[in-house]
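Colleague: Each chain is listed here by its residues.
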Amino acid sequence: MFTIRRSVALLGLSLMLILTITHAALAANPGNISVTVTIQNLSVSTTGPIDFGVVTAGSATISTVSSTVTNTGNVAETYSINLTNPGGWSAVQAAPGNEEYCLSAMLNGTQPASGGFVYADHALSTTPTSCSATKFAGNETGVSVPTSAERHVWFKFEAPSATTVTAQQTIVATVTASAA
Amino acid sequence: MNRRMRASNCFLTLVSTIVIFAFPICVATNLIAGGLSTNLGEVVITGLERGQKYSLKNLANIPLSVVNRGEDTVAVRICALIPDSVELRQGAEPIPSADWVCLERDSLVLAPGKMGVSDVFLDIPNYNGLAGRKFQVMLWSRTIPGPGVLIACGLKSRIIFSIADAASVDTAGNSKNKKDEAMVDAGNRKSPKKSVDPR
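Chains A and B are the protein sequences, given in the same order. The numbering used here applies: residue 51 is where the first sequence begins, and numbers increase by one. The numbering used here applies: residue 14 is where the second sequence begins, and numbers increase by one.
These aren't lab readings, by the way, just hints derived from the structure by calculation. It is possible that part of the hints are untrue.
Straight-line C-alpha distance at most 20 Å; calculated DMTMM-like pairs for lysine to aspartate or glutamate [said to hold, decoys possible]:
hint, chain 1, residue 1, chain 2, residue 2
1, B, K66, B, D132
2, B, K147, B, E100
3, A, K185, B, D97
4, B, K147, B, D97
5, B, K70, B, D136
6, A, K185, B, E100
So that you can see chain B by itself, here it is in the shape it has in the complex (with noise of 0.2 Å):
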């Protein structure tokens, strides 16, 4: 039993000093600056019809672009999250799938001073419950730090869109308006989640 428990000390020992020499999670003493910005703050857009397949670049010669601000090559990624309540402006809901916007390209790699730029599709499902309702999407463009690098920054730019009242007929039979339905109902029902990070 006793040299069961000193095998058991000398191993947590052993761990210990291991933990001790195996934690520097940084030791760097050079600040690193980065830095990221966007003309894409917030857009709002009104009218959109059920059923259509908008591109923002076509909509108002607006696509999303990100400038490196920092000293070094950054990779960028992009996607679509769907939005905190305290992120919510205007009355707007959160948008139910975030599969509704998908993006022309959704990494960047960015020289210090460069811009990268993506265009944004928004794909309105064609179901009747969308009539008139306002919706909120965020794009998320962030850093992807390398290796030694320990704080990224990103942006979040606001999509915020109304869908025309205008009453269309659905597609009868569209496996896919039967399912975007189904996420606008259940959207209804449960808090909103985040869209899985790609990361």
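Next up, chain A with everything else stripped away, as it sits in the complex (with noise of 0.2 Å):
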């Protein structure tokens, strides 16, 4: 009974001990700090998927229905855009080659033609990028996209120049939002 009672004790002891290091590591707040929330809510929502139906080796597909992007918060925002490579393909912001595409995205109210896509504008990375005028840009731009508006996006694929992948691929587009 004692050895329990110790153990117990001890291991009050051994918390309380932890509890008071783990306070002690964060700093508290002293008066010199001030902090500011200046946005109080960021939100978007998209619609997908994206719809590429079958498409053959070095060939390049425009979707035909956009993705909706939508400001659902309370501050004007700007978007950047980003993918996930699938296994087996890289992702190049140039006309694709073996074991290579390119996937593209365009701001725009209606279907662009293929030619309205250029590399250096609208060619997708897996690292965000931010839109601006020119980037990711048609007839619509996503900076500083106002509260409840909508904005289309368009993709166009290029498929691989020849690929030793047979199973279906996913490519996953990412919008992200930051206050403008």
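Please dock the two separately framed chains into a single complex, following the hints provided.
Modeller: Now the structure itself:
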């Protein structure tokens, strides 16, 4: 019994010590630190998926429907876009070679023509890239999008010139919102 | 030679045929709506001291909270990013290392309408060169889509913080501080880099 009590007491002391150390490790909020929260609600919604149907090697396809991105927050937002590579293929920002592909994105009210996509402005990479007056721009931009406003994202997929991958591929495009 | 060319042509035809039927990137008719929101759009903190670790929750009672505004349960991943030059605000410079920031939870699984919360910790190195400087870091919260979902959404929360002017003594021989010092110096010379994406 004594052993159990002593163990419980030791456990309690240990917990108190751990809690004390944990608390001490974080600095308190002294008077000379000020914190300003300037934006309260950042929110975005998207629709999908992107429908490319069946694509042949070395060809280019533009999505037949757009993905709608809506600013559902209470401040203007600027978007950035990136992709996640599927296994076996790598994204490039140029004409794709073997086992490479190019996925481009354009903000436009209607389906853009294939020639409207420019690698330098529209090709996606794995790094989130901020929209600008030219980046990912069509007749819409992802810069300072007002509250409740919608943007329409169209994708162009350029398939590998040749590939040994035979399974269906999944490429995820991510639209990220930040306060403008 | 002809036989070899014929064999090669047959192979190419086979590959083309496979490719034609193997490239369904996605065939779906239903539109899936996904959405995220957060209370943490931008936070500005001034007067942080070198060599201290701060909790955003303790500082301002504002941990990072993320709400799933979509129609399905989603996995959300959170990481700290060094901002691009176009993302910088208020004269801040990019944080020298994303390692200065750590999260209580870097992944969440959220049912529709549910909120997940993670505290954010800022660990300021004890280095004299930091005094009076202002830094910015982005917290990137994004959905990890399930099978068949090809568009994800994300949010970047901006944290801008400045270090107090008051000088304090560097801890001599502290290897971590030496490393951070090196990082800050390197950050002054080189263009900012993205942190490694943990995906």
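Colleague: Each hint: holds or not?
Modeller: Going down the list of hints, with the structure as the test:
Pair hint B/K66 plus B/D132 holds up; C-alpha atoms about 13 Å apart against a cutoff of 20 Å. Only pairs whose Cα atoms come within 20 Å are accepted, and B/K147 paired with B/E100 is accepted, the gap being roughly 14 Å. Restraint check for A/K185 and B/D97: satisfied, since their Cα atoms lie roughly 14 Å apart, inside the 20 Å limit. A C-alpha spacing of about 15 Å is found between B/K147 and B/D97, which places the hinted pair at or below 20 Å, so the restraint holds.
Between B/K70 and B/D136 the CA atoms are separated by roughly 14 Å; this keeps the pair inside 20 Å, and the hint holds. Taking the CA atoms of A/K185 and B/E100, the gap is about 14 Å. The hint holds against a cut of 20 Å.
Figure legend: structure checked against the earlier numbered hints; every hint is met.
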